[in-house]
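Chains as they are written, first to last, in the UniProt record's numbering: chain C, 1 to 415; chain Z, 1 to 415.
Just to be clear, a hint being listed does not mean it is correct.
[Claimed, not checked] Partner residues are not named here, just some residues of chain Z that face chain C (Cβ under 10 Å, in silico):
id : residue
1  : ASP37
2  : GLY393
3  : GLY409
[Stated by the list, open to error] Here are some chain Z residues the structure puts well away from chain C; computed CB gaps all over 10 Å:
id : residue
4  : GLU48
5  : MET54
6  : ARG56
7  : ASP73
8  : ASP184
9  : ALA211
10 : ALA244
11 : LEU280
Keep in mind that the hints were calculated from the coordinates and are not lab data. Ideal Cβ placement from N, Cα and C applies to all residues, glycine included.
Each chain is listed here by its residues.
There are 2 protein chains.
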Amino acid sequence: MMEFDLAPMCVAARAAAGQLAAMPTARKADGLRAAADMVRNRAAAILEANAQDMARAEQGGLTDALLDRLRLDTGRIDAMAQGIEAVAALADPVGQRIDRSERPNGLVLDRVRVPIGVIGIIFESRPNVTADAAALCVMAGNAAILRGGSEARASNAAIHLAFVTGLESAGLPRDAVQLVPTTDRAAVGAMLAAAGAIDLIVPRGGKSLVARVQADARVPVLAHLDGICHSYVDAAADPARARAIVVDAKLRRTGICGATETLLIDRALPDPYTIVAALLEAGCELRGDADAQAIDARIGVATAQDWDTEYLAPILSVAMVDGVGGAIAHIARHSSHHTDAIVTEDAATAERFLTDVDSAIVMWNASTQFADGGEFGLGAEIGIATGRLHARGPVALEGLTTYKWLVRGTGQVRG
Amino acid sequence: MMEFDLAPMCVAARAAAGQLAAMPTARKADGLRAAADMVRNRAAAILEANAQDMARAEQGGLTDALLDRLRLDTGRIDAMAQGIEAVAALADPVGQRIDRSERPNGLVLDRVRVPIGVIGIIFESRPNVTADAAALCVMAGNAAILRGGSEARASNAAIHLAFVTGLESAGLPRDAVQLVPTTDRAAVGAMLAAAGAIDLIVPRGGKSLVARVQADARVPVLAHLDGICHSYVDAAADPARARAIVVDAKLRRTGICGATETLLIDRALPDPYTIVAALLEAGCELRGDADAQAIDARIGVATAQDWDTEYLAPILSVAMVDGVGGAIAHIARHSSHHTDAIVTEDAATAERFLTDVDSAIVMWNASTQFADGGEFGLGAEIGIATGRLHARGPVALEGLTTYKWLVRGTGQVRG
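The shape of chain C in the complex, shown without the other chains (with noise of 0.2 Å):
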């Protein structure tokens, strides 16, 4: 077996990651527009390496979801390359002034946007995050650690490969991205114990991916385990409204996190009935509590495990509440304060749900399916975030900055 020290590797990165914070936006958006094009005329062997994956991954019995979450196809490779060059095109954070004051003595503070440093990155089978998330640590001034799933591993050496050349062809250094050389598990925790030496983790894949980071790092981590989104049908809401953002909010696609895992219905609402059939007509599996269930004979029961459960399938919980008040109650015990979502007409019923439902994101009258850092007009994000520090909801380049103190002065002591 390999020895692995991630030590150098850490060097490197807080050096590179000097270079990029003092770099202008320019520099750095050709360094990634050259990773784009050396991307595509890498195609050819970025296929041949993930052919490799894509046998090894058949005769391992991967499920087709898993089999298509690793197939490349060029169609694939140059979305993975607009994706680069989008990234490239988003405004820089870096050097923004956040705010500024001026003391009575003369002092002129200034807050301004810099780069966190090295940013870890801990990904399973999707080989595009290579690309991906390398792009915006890149673009906001970082150095980039990559560790990769091992059914990925040729894909993802291929695609850094590609990326890195590009990079380094338009003078950028070489070592603003990194991919751990080794799939071994060992490495994922040195990155979760390299405080100081790694600044942040960002754990991209499945829940148990996540757990584990969040259980075992000690270094900060951005990241969510669960999505389990509400949305309440207040006695307030239009009829159609209601129906067609609950149905988009749960069955647009069950698989992501911002999917509808649970709906709340006011029990004043006057017919539940249309929105409940709406959803049964559409495919949808409903479990609700004694309430729901006399709705329609065909709502199975809820156990108190479902109102805790993230589906990610065409399966719905639904209980009757009180109300706003009702809704914003169990919102509170069950929410993983990702999304949640109000439908009503009454702006003061809104505006209570709004400011007392406490996630990352709270949505009136919209599905909570637009929970994207690319519907949010943040061009791209490095993921979703539901703990309460630094950052909350889609992070994007603003979040995977932070900000330092100028302070000018004229000779001023404090005597």
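For this one, chain C is given, so just place chain Z on it according to the hints.
What follows is chain Z alone, placed relative to chain C:
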């Protein structure tokens, strides 16, 4: 020995935090003013408790410095009450809109500041921290769980009792501020392990406390371990200004984290002697590298360890460097990323230093002793952070908040 269970305190804190999060600014401020009044009204009881702590501490042989930190008198109690009132007068960050955007589909996105939730404060001998930290937490809408040191246990209990009695008299939840009822060290361990129940830990105390908290916490921590601050005198510095700044930065108070610990002198500085002489004459011990020792025979020898030492005393290490580039390189190796300053009349050199030095606070022509929330106009500070996430430098009310996304729609579905 008393069995201590943190969990019920965390549950009570979470409930109180929910009430505080939705509370208007005026009610929080009223609560804090009532707490300040009660601290003044109960001064006799607080002093009696403090006398018990002092008696025990004197028997226990505490140093004079520690005894002074522990000691309360009516002046100090009044200062504590004034500190609470000052926090009550600060602008409330909760509900502030950070930004707004409208998407092409008509969704309107606001990011608004909200409290973090439950904050754990772990502190040592100074009993005034009880009131001070509690006031900041409450004003930012957070519940606080305080754990003070055993030396001050009677004082802390008396101050806490007065504080929460005041809060309650104004209709605020008593559990907004709880004091851990044991000074057993295991209580600290329980707080550090309480991920999900406590959202943030702020240690206030000596280096060994901070080091333990940083090493063991499973909860995010805002803190600084060291304040190894540098002042760099560039060749283009004004001599009189440089002398005044350096003497103040080192000697105004030597025991604070913003005190300069290393002086960097540009080899091209025409007259380094006057600065060195001013420091020596003011009673400062200097330890220099070989070139620095050549300036004056009274400069002693700096060992490798001196460059990484926070003296907190009238001792200063002195290194000669090759211009601003040499200063930046020295700082990158040895700074604790707290506060570093340049003295120069050359604006371009200053801007290079401000950009390239990666510390929470970077100063130009000012004393590093200004590194303080009060001096920064923040009104008060819960501490100074040298980590890279969430908040850097002096942390006050804004640093005790996070944000959420509010999305207002008119029936948008992702479709």
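How the hints compare with the structure:
1. Checking Z/ASP37 against chain C by beta carbon gives a least distance of about 29 Å; that is not within 10 Å, so the hint is violated.
2. Interface hint status for Z/GLY393: upheld, as the beta-carbon distance to the closest one in chain C is roughly 5 Å, under 10 Å.
3. A distance limit of 10 Å between C-beta atoms decides the matter here; for Z/GLY409 the minimum to chain C is near 3 Å, and the interface restraint holds.
4. At the 10 Å boundary, the C-beta of Z/GLU48 stays outside the reach of chain C, the nearest C-beta of that chain being 36 Å off.
5. Chain C leaves Z/MET54 outside its interface by the beta-carbon criterion, the shortest separation being 31 Å against a cut-off of 10 Å.
6. Look at Z/ARG56: its CB is around 36 Å from the nearest CB on chain C, clear of 10 Å, so calling it non-interface holds up.
7. Against the 10 Å criterion, Z/ASP73 stays outside the reach of chain C, whose nearest CB is about 26 Å from its own CB.
8. Listed as a non-interface residue, Z/ASP184 keeps its Cβ farther than 10 Å from every Cβ of chain C; the least gap is roughly 25 Å.
9. At roughly 12 Å from the closest C-beta of chain C, the C-beta of Z/ALA211 stays outside 10 Å, upholding its exclusion from the interface.
10. Separation of Z/ALA244 from chain C is inadequate, the least Cβ-Cβ distance of about 5 Å not exceeding the 10 Å criterion.
11. Z/LEU280, annotated as away from the interface, keeps every beta carbon of chain C farther than 10 Å; the closest lies near 18 Å.
Going through the hint list in order, the structure does not satisfy hints 1 and 10.
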